[in-house]
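Construct all of the structure, not just a fragment, from the sequences and the given hints.
So you can see what is in the structure, the chains are spelled out below.
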Amino acid sequence: MSPLASAPFLVILSGWCAGIALSTKLSPPAASLAASLFGAGFLLISTKRWPPGWKRVLPVLLLTVSLPVFFMNLRLHPKTVREESWMGQAWIRTERAWGSKRAVTLASPKGRLLCLLEPEARPLEGERVQVSGTVVPLESLFSVTSEGEFDPARYWRAKGVEFGFRCSSVAAVDPPGNRKTGWRTRLRKKLLLSLSPLVRGHLLAAWTGEKDPEVASMHRRWGTAHLLAVSGFHVGVLGAILLWCLRRFRFKLLVCSSLLWGYVFLTGCASSACRAMGMIQLGFLGPVLAGRPSSPLNSVSVAGGILLLINPWLFWDIGWRLSVISALILCSVVRGGVTPMRGLAASLAIWMGTSGEASAAFETVPLAGLVLNLFALPAFSFLLPVASVAAIPVLAGFPGGWVPLWGMEGLFEAWARFADCTCMVVQWQIASSPWLWNFSAAIVGGAVAYGLETGVSNGLILSLCAFFCGGVFR
Amino acid sequence: MDDRKKAVLFISAGLLCFAVAWGLVRGFSGKWPWGAPTGVAGPSWSVRQAMRATEETEAGPPVSAGKTDPAVPAENWIVYLTGEVQRPGIIEIPPNSRLFQAVEKAGGLTARADRDNVNLAAKLEDGGHIHIPAVGQTPEDGKNLLNTVSERMSTNPSAGRIDVNRATRAELESLPGVGPKLAQAIIDDRTANGPFARPEDLLRVKGIGPAKLEKIKEMILVRP
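Top to bottom, those sequences are chains A and B. Counted the way the numbering used here counts, the first sequence spans residues 117 to 590. Counted the way the numbering used here counts, the second sequence spans residues 15 to 238.
There may be inaccurate statements among the hints.
[To be verified] For lysine-lysine, the following PhoX-like pairs were computed, each having C-alpha atoms within a straight-line distance of at most 25 Å: (1) Lys20/B <-> Lys164/A; (2) Lys119/B <-> Lys226/A; (3) Lys171/A <-> Lys20/B; (4) Lys171/A <-> Lys19/B; (5) Lys220/B <-> Lys164/A; (6) Lys226/A <-> Lys137/B; (7) Lys220/B <-> Lys231/B.
Simulated from the structure, these hints should not be mistaken for lab results. Just so we're clear, the structure is a prediction, and the values are computed from it rather than from any experiment.
Structure follows, in structure tokens:
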């Protein structure tokens, strides 16, 4: 088997990732050459049997790696900005907690700006505000980070921010309107005011993509923080429910796609949700357009690659990385159908494959997560949809609506007790280190080799190459 | 060539690709054919941070958003800009701005402005009056040439110094050897005993000795 036949975009994605990762080290031409070499290396090692006509396809494939890498590298060079005072109107695209401050992204005539405000400023998503201050380079808002540490400037660039803004005054001009952000603000307010604590924290994450600090800290302790980030899990569960509900409807794929895209927009278009939605969309379209089911590995690569083409900074977005890594491992391990053993193996491999990335972001990862994740996905694929339904009577103001809500609160509490007990038994934490990173890269390489059916020897070599080259992607 | 030999050849070629890529990264890392193409290129982080710290010390404390710390001025400065700018008049600018920022707010310089005799990098003061001269104009030519920036910058030796009778706590902290406690002690002293008449009066503040005074003497200003 060869990725040329089963997942050609996986070769392209691997080259693009290498090329973008090298943008901080090499010039664009050198990075695109290195990306082609990485792509070619991956292809040569992971191919067990070459399909007919491969000699004609190979140069095209390598060109498809190197040319976009060159242009993406050019785009990765941030626009230079001279410090400039500015006063005018902007609207708040997003706002979230950032240490002791509120991080607010502003859509303004000066571009998309990031501004760190004191919490009492109480900015609201969707508000039009009058601001004055100084436009500054984004990096100057944060202290210096060393290589391998979390880089806040990259994080915000992945969110589309161009410049920083040192705000000296901010005043609301218009309340949140009927934009998407206005709807999100209203929904958030309703959830915050109506629901019980644990249901509120989980539904806030599942419906708006925002994190309740207390619930987020609990999930970080348990190693299940990914459940609060809208990702393939949420989109997949909702998609499965919608498909089941619409199973007798003629245009079920069209309606399901529209509703799922609506959900992704409502939750703030997180990169992980967009990747999952792109993959689901390809899954729906494959049989219609190509007349055959699309390869899951290829679909993950296409969806992840399209997001990189739109915004290359997403390569450093932890949501994008964890989402793509998890999806690649899952698709590889459960190829040919889901069985209990494959499900178990996929859960373990995903935990090991993402622990390097997660520990680099959170400094440590709890070993309890390895156990808890075996139960968390089935448990939350039940808890979240049922809690969403149970919350509707209260949100709609029906009398007696609190009865199912408190029932759900009890179930979330029971999960919290179980998770806390597990953490007491398995209380070790694994600290971030280059070795852990390289180990995770080797797991990803090995899992992908298994998914591509490369054979044991080729798989081992690919895994070793991933181990030694993993540092490039850090 | 049999299949086994072919497989070994392809795997060897793959490993060679990785090795060449690795060599490329090792050999060319940090060597750019032009300019500084990324946000992290140019001077190293440590050097850039040192440069930024120096700039911040020179420019005074950064302006923080919100209005929680009473020691940090959150209100904008007002300056009066006249002469060869597109829209002369009262301009509102963020604290610690420089002249080019005020000129930008006034719509930029006119074609007649004497660019060579205006220091656009000059630091401004709240409530100041800046006149941008025209080409060939001398300070005596215009009635309103109260305070041309070029003149002020060349003759005013106190530019950039910190007035200890008016400075905020954050501004005082930018002096070498002055931390939050000592800055607060200076403010408490001038509130309790009145303004300092001369730099030596700072010796009455607990924590400032002759050595420290000597160190900061050239950086401070004592206005009644």
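Evaluated hints:
no. : hint                  : in the structure
1   : Lys20/B <-> Lys164/A  : holds, 10 Å
2   : Lys119/B <-> Lys226/A : holds, 14 Å
3   : Lys171/A <-> Lys20/B  : holds, 14 Å
4   : Lys171/A <-> Lys19/B  : holds, 18 Å
5   : Lys220/B <-> Lys164/A : violated, 79 Å
6   : Lys226/A <-> Lys137/B : holds, 24 Å
7   : Lys220/B <-> Lys231/B : holds, 17 Å
Figure legend: structure checked against the earlier numbered hints; the only hint not met is number 5.
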